[in-house]
Amino acid sequence: MFGNRFKGGAAVPHNKNTASCKTLKMGVPEKVFIPMLQHIGAPCIPVVNKGDYVKVGQLIGTSDKFVSSPVHSSVSGVVSDISPRIYPGGTNVLTVEIKTDGKQEVHESVAPPRYSNKKEFLELIRQSGLVGLGGAGFPTHVKLSPPPEKTIDTLVINGAECEPFITSDFRGIIENPESVINGIRILIDILGVKHVWIGIEDNKPEAINLLSGLIEGDSIIKVAKLKSRYPQGAEKMLIYSVTGRKVPAGKLPADVGVIVLNVNSVSFISEYLKTGMPLIKRTVTVDGSAVKNPSNVEVLIGTPLEDVFNFTGGFKSEPHKILMGGPMMGIAQFSMQAPVLKHTNALLAFDESDAEIPTESQCIRCGRCVKACPMNLLPLFLNFNVLRGNLDELQKYHITDCIECGSCSYVCPAKRHLVQSIRLGKAQLRQAAAKGGK
Amino acid sequence: MENNLLVTSSPHLRSKDTTARIMMDVVIALLPAAVSGVYFYGARTILVILTTILAAVASEAITCKILKKDLTINDFSAVVTGMLLALNLPPTIPLWIAAVGAALAIILVKELFGGLGQNFMNPALTARVILLISWPVQMTNWILPDTVSSATPDAISSATPLSLLKGEGNVGSAMPGYLELFMSKIGGCIGETSVLAILIGAAYLVYRRVISLETPLTFIGSLALFTWIFGGETLFTGDFMYHILSGGLMLGAFFMATDYTTSPVTFKGRVIMGIGCGLLTGIIRLYTNYPEGVSFAILLMNIATPLIDRYTIPSSFGGEKKVA
Numbered sequence: 001m002f003g004n005r006f007k008g009g010a011a012v013p014h015n016k017n018t019a020s021c022k023t024l025k026m027g028v029p030e031k032v033f034i035p036m037l038q039h040i041g042a043p044c045i046p047v048v049n050k051g052d053y054v055k056v057g058q059l060i061g062t063s064d065k066f067v068s069s070p071v072h073s074s075v076s077g078v079v080s081d082i083s084p085r086i087y088p089g090g091t092n093v094l095t096v097e098i099k100t101d102g103k104q105e106v107h108e109s110v111a112p113p114r115y116s117n118k119k120e121f122l123e124l125i126r127q128s129g130l131v132g133l134g135g136a137g138f139p140t141h142v143k144l145s146p147p148p149e150k151t152i153d154t155l156v157i158n159g160a161e162c163e164p165f166i167t168s169d170f171r172g173i174i175e176n177p178e179s180v181i182n183g184i185r186i187l188i189d190i191l192g193v194k195h196v197w198i199g200i201e202d203n204k205p206e207a208i209n210l211l212s213g214l215i216e217g218d219s220i221i222k223v224a225k226l227k228s229r230y231p232q233g234a235e236k237m238l239i240y241s242v243t244g245r246k247v248p249a250g251k252l253p254a255d256v257g258v259i260v261l262n263v264n265s266v267s268f269i270s271e272y273l274k275t276g277m278p279l280i281k282r283t284v285t286v287d288g289s290a291v292k293n294p295s296n297v298e299v300l301i302g303t304p305l306e307d308v309f310n311f312t313g314g315f316k317s318e319p320h321k322i323l324m325g326g327p328m329m330g331i332a333q334f335s336m337q338a339p340v341l342k343h344t345n346a347l348l349a350f351d352e353s354d355a356e357i358p359t360e361s362q363c364i365r366c367g368r369c370v371k372a373c374p375m376n377l378l379p380l381f382l383n384f385n386v387l388r389g390n391l392d393e394l395q396k397y398h399i400t401d402c403i404e405c406g407s408c409s410y411v412c413p414a415k416r417h418l419v420q421s422i423r424l425g426k427a428q429l430r431q432a433a434a435k436g437g438k
Numbered sequence: 001m002e003n004n005l006l007v008t009s010s011p012h013l014r015s016k017d018t019t020a021r022i023m024m025d026v027v028i029a030l031l032p033a034a035v036s037g038v039y040f041y042g043a044r045t046i047l048v049i050l051t052t053i054l055a056a057v058a059s060e061a062i063t064c065k066i067l068k069k070d071l072t073i074n075d076f077s078a079v080v081t082g083m084l085l086a087l088n089l090p091p092t093i094p095l096w097i098a099a100v101g102a103a104l105a106i107i108l109v110k111e112l113f114g115g116l117g118q119n120f121m122n123p124a125l126t127a128r129v130i131l132l133i134s135w136p137v138q139m140t141n142w143i144l145p146d147t148v149s150s151a152t153p154d155a156i157s158s159a160t161p162l163s164l165l166k167g168e169g170n171v172g173s174a175m176p177g178y179l180e181l182f183m184s185k186i187g188g189c190i191g192e193t194s195v196l197a198i199l200i201g202a203a204y205l206v207y208r209r210v211i212s213l214e215t216p217l218t219f220i221g222s223l224a225l226f227t228w229i230f231g232g233e234t235l236f237t238g239d240f241m242y243h244i245l246s247g248g249l250m251l252g253a254f255f256m257a258t259d260y261t262t263s264p265v266t267f268k269g270r271v272i273m274g275i276g277c278g279l280l281t282g283i284i285r286l287y288t289n290y291p292e293g294v295s296f297a298i299l300l301m302n303i304a305t306p307l308i309d310r311y312t313i314p315s316s317f318g319g320e321k322k323v324a
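Read top to bottom, the protein sequences are chains A and B.
Residue numbers for the first sequence follow the working numbering, beginning at 1 and rising by one.
Residue numbers for the second sequence follow the working numbering, beginning at 1 and rising by one.
By construction, these hints were calculated from the structure, which means they are not laboratory data.
Please note: incorrect hints may appear among the correct ones.
Okay, derived cross-link-like pairs now, DSS-like style, lysine-lysine, Cα gap no bigger than 27 Å in a straight line [as the list claims (entries may be wrong)]:
1) K227(A) with K16(B)
2) K371(A) with K16(B)
3) K68(B) with K415(A)
4) K371(A) with K268(B)
5) K371(A) with K68(B)
6) K316(A) with K292(A)
7) K68(B) with K292(A)
8) K268(B) with K396(A)
9) K246(A) with K268(B)
10) K25(A) with K281(A)
11) K65(B) with K7(A)
12) K194(A) with K150(A)
13) K25(A) with K316(A)
14) K55(A) with K150(A)
15) K415(A) with K251(A)
16) K118(A) with K251(A)
17) K268(B) with K7(A)
18) K55(A) with K7(A)
19) K251(A) with K281(A)
20) K194(A) with K69(B)
21) K292(A) with K69(B)
22) K69(B) with K415(A)
23) K281(A) with K7(A)
24) K316(A) with K16(B)
25) K415(A) with K7(A)
26) K7(A) with K396(A)
27) K7(A) with K225(A)
28) K22(A) with K150(A)
This is chain B alone, in the form it adopts within the complex (with noise of 0.2 Å):
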């Protein structure tokens, strides 16, 4: 018979969205917040990501040869990993440390378990967490966008509006105000402190569908209303603007928490996820002896996720009554 037919399973029609794309569009959404972390850090910090970048893209590329697995730099994951990590580092990092960072994202937290869409936690912020018990000094280097142009930078240090909240400052060091928190005035690290660009870059992942609103929102706001209730001298006196412009919240809300592989995949176990952020971040932020608690809030949520996808399992179309 003839036969050149090709017989596959329905549906034979694809769109034509990729994972590549998906990553490349977060990549594009990262940029106003990278951009805006040179502005106002220096020309260093180009160095920092393109270390990150780079050692994030080369570690993978050795996993898979050495586990004989398919290349798979190619979908642009690890270029998101190294850059997520890069705007979680103070500008002043050693280059090394931020290397050692990007390696230990891709190796021990994504590929040893499984590679990409297998990790249980987010790996850019794992690495950010390890580096920061491993190098307190360097990884809370902080300086101020002001110092940049003085001679030497990185011999100043300067506090971050959190810190200063819990009384961590310098004597002398002022409060920033609400539009220096917007417009990154401020101290701490590259891409965390514009919220300005995050909320350019995530509008662009929004408006690219690669993202959906309920867990940002949900954590954005859980994290008010916790600070607003519990953050100030008496209840319901919390100066909550002050934590949602500040520390990681908007990138970790909008980069992180969002991240496919960690969060979990319907509506509801998104919100879920978003409140949890909000309350674990508050508490932290309120009762623990650490300034910020965003990475912490969202890794804790990242190991929950299994299980809140096991437990909002949803009814099937016509399956929300019992069927006798």
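Just chain A, same shape as in the assembly (with noise of 0.2 Å):
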């Protein structure tokens, strides 16, 4: 048993409703918006015209840069239009429209590839279009290429999914869970690491027990059974509780030899070196007060938010707040009409008594948010600095340290908006920065 060795967090509430939800399929939609980012680093470049014809995993956009990852058609159909439009994250977004024909025609690039060295397999991942699917998006062929002069030792795959509702990794597992392993030796292969641990938190006992019966007598693949504690799932804080090694602060796993990767990640990779079939379709747990059948649905990318909720059933009372990924950290969405992204985890809406939040009221100095923040910092001070403006002392307290995890903002007895005033301070810091250096 892996205590939970990590400082703070909050014992948030679990509301895995939907742990016992097998995956339904959902069809093809009417038509699909597909942006061009879908993960962190540079845009893609749309490499189809309005009126094409477009199939099953056809390439739809890429970019040059390394820090990308390109994007596929998640349909067979028409593009019928190319323009910015309203993005998951609240700001325009060229985005692929496709008015889909039905017929889910697979492009004549998708077959079994080959590879056979690291550099080829690299490149493989890059073309599938993989980002980390816990949500965060990430490149994955980024992560799994650190500078030659880290050595990494240990792979750690992510299935704590600490976030409350959020069950789409756990019946990743429970569904998939030969591939999760086959991903894994795939890797180790590659990678050449020497120890893999799957991290889990133990509200999830059944996919712990599958994948240690799986791996029994392994010496490398163990599995790390962990206290279910927010934010178990951050990286760094999963790292730490695995391993026992710190990530330096402004540094990344690599430097402590580490890499981490989420377990429908790992899945995808096998399926993907079996079929050829880039990141189209993802399992998305759909849930909140306000939805009548919570569920999980594997969705193509692309399909409109309120396809996916009609499709589980549609709502029991009027959704007041849209959630893209958990209650903790996931971004609250102004439009149904905005897309599944390939790192989309959950669409949780809640009805009107949860989507409010409380208001603020003077902070008492009760020191909660300190005994809760598991990256040791002191968010009432971050607070009180960022609302007077005193950009100087933000550094002082670590500002940029923060993961913005939400656990000071969960335990505030005065119901202060912690966590936002910090972003608010992060993104005040950027444009001094960015003034000061023109």
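The task is to assemble the complex, starting from two chains supplied on their own in separate frames and drawing on the hints.
The following block contains the structure:
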């Protein structure tokens, strides 16, 4: 048993209502909207034109930048528009709109890929369009290509799924355990790692037992049963819980010899190498107090949120807040027309009472945010200094180390918007730096 | 477009804990000490407690009104201040002085410095010290629990154990034993003297995770160590148990030094707070003309709190080593 070795965190409710909901396959929507930016990095440039007929798995956008990930059509149909459209993050992003024909004809380029060395493997991963499926959307081929001077000895598979409601990783393990293990074995060959830990919170014993059974006797792959404590699945916390290594401030997991991948990402790698079908669909948990039938749904990327909710049976009360992701770190949506992205792990809809954020009152300096912060920061002072515009002070309180997990805001009895103010402070610092740089 | 959707910054989920609930917990935790005060010093103490609570809440309501601020009495913090002040007053205190104290605590110490969370000294303690300096006779008019049953308890004054220790008591006054101290069979403030009642309340606060023990334990521990070393005729012979069980130490350590607003927020800061309070209390008790030093010690450390917070900023996770 791996103790909860990181300090702080919050005892958030689990609400894993959909843990036993088998993933349902959703059909082809009338239209899909595929943004050219579904990852951290440079946006893609469309390689199709309006009026083109595209097929499933066909490349429709790519970039020559390394930190980027190509996007593929998830349907067959006609490109009906290419223009900037609302994006789940709140901005406008160039989006390819495809009117589907329902035939789901597969593109000729989709065939089981071959590779003979690490370089070719990484290029394949890039071409697959894989990004971190856990929620952050960092291009996987970049993660798998650390600078050569950094020795990677450990691979950590993130199945912690510490956010309330979400069960898409859990269902991924339960429904495709062999793919997870197979994907890990492929990565062991490629990366030459000595240890692989699959980190899972102890509120998912079914997943722990299933995977433990499959790897019995394996000398490299081990399952790490982790205490259910938010944010156990945050990369730095997970690495510390599993290996005892601390990723230095401002550094990456590779700096301590670790690569972290989501369970569903690993599973995808295994499937991709069998079929050659790039990342065009994913499992999404649909839940929340306004949702009639909480479900797990396999959704084609680019499907509008409204279609996904309707597929599950719609709402039981008027939704007042729609989240992409979990309630702790998810992004509130302002339109039901926004599309499902590669890294959309959940869609949550809340009724009026759950949508409201309580009013702030004065900070009473109780110090609960200090105890809750897994990064060992002092959220109350960050909040204080942001609100007073003391940008110089923010560095002293290590504002850039904040991972925005939301634990401080969660525990605050005065209901202060701590994380929100910290985000504001970070943005102000970036602006100040940009001005200073000119 | 359809748009009834509320867009806010994450997290979208908040715990059920509120400021009012925390304050309510403190009120509940103070009840055993209040009840013991009533039991040992008579029904009049109920009047003292009600007077300070009413005066505190009324003062806050009036100040909010005059300063055109949102009415904050619903958070129960004024009730806590009123109750704490009452427990720090002698049972014989004239009610008007008690009321003045509560008004000073709320208006002068709390609201004029910005209200809840903004004051730099503990309101109840500051008010107590102001009263002590302004009305020294009324503020040190102690009675022994045994005299309550007699006809005119107010007329019979007695000394507190700590003043006895300093040789200030009436000739012939016997020093109470540890058990008497523990059970409050001594002269003292309404809520200070029953160590047992205070510990019951403190245990509740710890159970409810309202307070943590780093400040109280280091406070008591450092005072014990200091009085053991320096409190006797020779070094290392001091009667530290006596110092721990008497005066306002228990109430101060568990309910005053842990006051959120006026104590540091980090573990390290809270340990410094506790040690500072313990040493200052020891110094005042042993080397000054005041028999009791808990209030002054805590207030001095209150003033040092912003400084302590400033110098105890922890390294962030992974930021311990300087990254080149």
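So, going through the hints one by one against the coordinates:
For the given pair, K227(A) sits about 22 Å from K16(B) by alpha-carbon distance, which is consistent with the 27 Å threshold. Restraint check for K371(A) and K16(B): satisfied, since their Cα atoms lie roughly 17 Å apart, inside the 27 Å limit. Only pairs whose Cα atoms come within 27 Å are accepted, and K68(B) paired with K415(A) is accepted, the gap being roughly 22 Å. With a C-alpha separation of about 12 Å, the suggested pair K371(A) and K268(B) falls inside the 27 Å cut-off, and the hint holds.
Simply put, K371(A) and K68(B) have alpha-carbon atoms about 34 Å apart, too far for the 27 Å limit, and the pair is violated. A distance of roughly 5 Å separates the Cα atoms of K316(A) and K292(A); the hinted pair therefore holds under the 27 Å criterion. Only pairs whose Cα atoms come within 27 Å are accepted, and K68(B) paired with K292(A) is rejected, the gap being roughly 46 Å. The suggested pairing of K268(B) with K396(A) holds, with an alpha-carbon distance near 17 Å, which does not exceed 27 Å.
Under the criterion of a C-alpha separation no larger than 27 Å, the hint pairing K246(A) with K268(B) is consistent with the structure, at around 21 Å. Annotation: proposed proximity of K25(A) to K281(A) holds, straight-line Cα distance about 10 Å (limit 27 Å). Annotation: proposed proximity of K65(B) to K7(A) is violated, straight-line Cα distance about 43 Å (limit 27 Å). With a CA separation close to 15 Å, the supplied pair K194(A) and K150(A) stays within the 27 Å bound.
In summary, the hint linking K25(A) to K316(A) is supported, as the alpha carbons are separated by about 22 Å, within the 27 Å threshold. Proximity of K55(A) to K150(A) is assessed by CA-CA distance (about 40 Å); at most 27 Å being required, the pair is judged violated. Pair hint K415(A) plus K251(A) does not hold up; C-alpha atoms about 32 Å apart against a cutoff of 27 Å. Among the hinted pairs, K118(A) with K251(A) is consistent with the structure: their alpha-carbon atoms are about 24 Å apart, no more than 27 Å.
Pair hint K268(B) plus K7(A) holds up; C-alpha atoms about 15 Å apart against a cutoff of 27 Å. Between K55(A) and K7(A), the direct Cα distance comes to roughly 49 Å. Violation of the 27 Å bound is thereby established for this hinted pair. Using a Cα cut-off of 27 Å, the hinted pair K251(A) and K281(A) is violated, with the two alpha carbons roughly 32 Å apart. Using a Cα cut-off of 27 Å, the hinted pair K194(A) and K69(B) is violated, with the two alpha carbons roughly 63 Å apart.
Distance restraint check for K292(A) and K69(B): the Cα-Cα separation of roughly 43 Å exceeds the 27 Å cut-off, and the hinted pair is therefore not satisfied. Note on K69(B) and K415(A): the hinted pairing holds, with a Cα-Cα distance of about 19 Å set against a maximum of 27 Å. Of the pairs offered as hints, the one joining K281(A) and K7(A) is violated, with about 36 Å between alpha carbons and a cut-off of 27 Å exceeded. Straight-line distance between C-alpha atoms of K316(A) and K16(B) comes to about 25 Å, which keeps the hinted pair within the 27 Å bound.
Note on K415(A) and K7(A): the hinted pairing holds, with a Cα-Cα distance of about 22 Å set against a maximum of 27 Å. Proposed proximity of K7(A) and K396(A) is supported: the alpha carbons are some 21 Å apart, at most 27 Å. Proximity of K7(A) to K225(A) is assessed by CA-CA distance (about 17 Å); at most 27 Å being required, the pair is judged to hold. Between K22(A) and K150(A) the alpha-carbon distance is near 41 Å, which puts this suggested pair outside the 27 Å criterion.
Hints 5, 7, 11, 14, 15, 18, 19, 20, 21, 23 and 28, counting from the list given before, are not met by this structure.
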